[in-house]
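Protein chains: 2
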Amino acid sequence: MNALIKKETSQRFAKLQQIIIQSQADACLISTSVNQFYLLDFIFDGYIFIQPEGEPLLFVKRPSGMEGENVIYIRKPEQIPDYLRQRNISLPRKLMMENDVLPFSTALRLQAALEMPQLQNVSGEMRRIRSVKSEYELNQMRECAKIHARVYEQIPRIYRKGMTDIEFQIELEREMRLAGSTGIFRAFGENMDIFMGSILAGDNAQVASPFDFALGGQGASPLLPIGANGTTLAAGTTVMVDMAGNYRPWMSDISRTFAIESVPEMAYKAHQVSIDICNIISETAKAGTPCADVYFLAEKRVKEAGLEAYFMGTEQQAKFVGHGVGLEINEPPVLAPRSKEILQPGMAIAVEPKFVLPGIGAAGIENTYVVTDNGLEKITVCEEGLTIL
Amino acid sequence: MNALIKKETSQRFAKLQQIIIQSQADACLISTSVNQFYLLDFIFDGYIFIQPEGEPLLFVKRPSGMEGENVIYIRKPEQIPDYLRQRNISLPRKLMMENDVLPFSTALRLQAALEMPQLQNVSGEMRRIRSVKSEYELNQMRECAKIHARVYEQIPRIYRKGMTDIEFQIELEREMRLAGSTGIFRAFGENMDIFMGSILAGDNAQVASPFDFALGGQGASPLLPIGANGTTLAAGTTVMVDMAGNYRPWMSDISRTFAIESVPEMAYKAHQVSIDICNIISETAKAGTPCADVYFLAEKRVKEAGLEAYFMGTEQQAKFVGHGVGLEINEPPVLAPRSKEILQPGMAIAVEPKFVLPGIGAAGIENTYVVTDNGLEKITVCEEGLTIL
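Which chain is which? The protein sequence lines are A and B, in order.
Our numbering applies: residue 1 is where the first sequence begins, and numbers increase by one.
Our numbering applies: residue 1 is where the second sequence begins, and numbers increase by one.
Copies of the same chain are indistinguishable here, so a pair counts whether it falls within one copy or spans any two.
In silico lysine-lysine, BS3-like type, Cα no more than 27 Å apart, as pairs:
(1) K6 <-> K146
(2) K319 <-> K76
(3) K61 <-> K319
Source of the hints: derived by calculation from the structure; they are not laboratory data.
Chain A on its own, in the form it takes in the complex (with noise of 0.2 Å):
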């Protein structure tokens, strides 16, 4: 492990120590793998066992062959306790562990395992921690985006004339593979399903999807009723591709919408308010801005324009206009009129204001901002306008 990411590690260590210290918790217990990645720079089938001070302690199932004087191998965490005696610690009375993710038999089994300690839950704690990126973080977002801008700028040259919304994401799925994509991308919830992002062409951006993410689409499988669904790219119709930015770990996000031919007037009118929504969020807000307040930002020009009817939906309509990016495609803070945060320096949001018009399709734009003392700095550069194919 190289210095920088040692460093880094241990800053992250540190912040986790702190809200232990906080909760007045006797432990931390890591075992999903995005914390994992996040606190150690790797990940492994087992626990990372945290205390208030000192280095933690790593119980691995698996794989084999890890090695360290805090390496830890067990077959069960009913193995824990004796591990915990043999180095002299006592067993935490009050532990946190990452209740939002962990199913309910194996938190049971590991509070057992650990002879019954009150549970606290780490897992809000963790996302708060990991919304606030170091420049470290920030830099790889940055590779992130360009990366995932350049694939985009390949669309028109994917565009085939009769290609079905299906056709045209596979075709970039291979572009996005050959750039390095990881092909999975994480998301937080358990509503969130999709494959490598959404593409949704004309009437069916409208469909609304069981999952929680900005628009719907049928999809392609009753097991997965989101996203594109087999519909022509048809002339007088627009599509829009929101395909993963996993380029890196640390993750970016943009949308960008393509019209089929000729397209009526609506849609250049609805997707260039969602032009002005990010330009007039991004030369609003900085650090200290509260996150309702990027919302009602949004909300103004959308009734100014008069098109309520079509934002963020039509018969189901998203009640955010943008959220947090990281590891997972979706973390704090949340730009929703509800929303109590405040955005600070170093946390990275994804402004997606979107439309669905009937009969067209989707329009706007979606981009990705590192909050900053001055404002926002966009880190996904590429073509905004409407373009034809």
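Keeping the supplied structure of chain A fixed, place chain B upon it in accordance with the hints.
Showing chain B alone in chain A's frame:
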């Protein structure tokens, strides 16, 4: 919904209601995608409320627009009790929930919302019900397997000299998607992250992974340490292809191995032992065979061949030779030495005796079989020999 699907889902509900009665529970709440799909043939964001008798209630958060006498829109689970009372349904005192999948916070919130019933885990029972497939479900798997096999037949055409494993995988992913693959496939458990399947070339097949699949691989990202890692497909090594068969909601599982030009005799030997094991198992096992015995059949042949050190990995060896397949890629039963399960008619199992040969790579095959009273029916029919690329 057509009559066939309606009959299918009725039968599935009846099986679950039998479990509720046997468990002396008052109701069951189902909210995870795979089980929702199994019971309804569609998924939504919300809860299926099932009592020992009668039709289920659907408490729906999303999508908008669902209709039916049994559909009740809610914003949050705390609204459920009032709606139950309106329908003269007592709150359950003993409630079955998917405790192996529901996050701890979610389960506790649901328990509190329903005024603190005793909770019982239905995850295992649902998996047990799903493990025995109807003829309709088996036909989906047979159709899926045919497409899966056809895609694998494209592999020699896809290969180009000097490709890396990732480049090879990308072209195969594209063929899969063009053939109707849904992209994602669902796996049960907390350590089952993967993207579309696994390509293992040369010594990357030896690398231990944190995930619970038959073999590992370093992967292309530290956030997804499994599978292809950029290894060039080099003469004298093998490449094993174990990509998802997700062309229907019910899936198939196939692995095949390819030799890059000329490989040592050892690779042919180990590969043939894998084929032998599949043949021995398919000629010996049938409904009534203990799953542990299936493993022992494999183990016996491995020992005869003196290949124990290479079976199911080298440094880290998986302790199973196969698993059930269905809506999830890893369903019961598991074909492992400690398994207490017995093969039942209608089960579908993937048998994957694999070897990892240092300096060469992985060898072996995987087929999917349907269990009948008379034996095993192989549904994954395509060339099994070590094919030279």
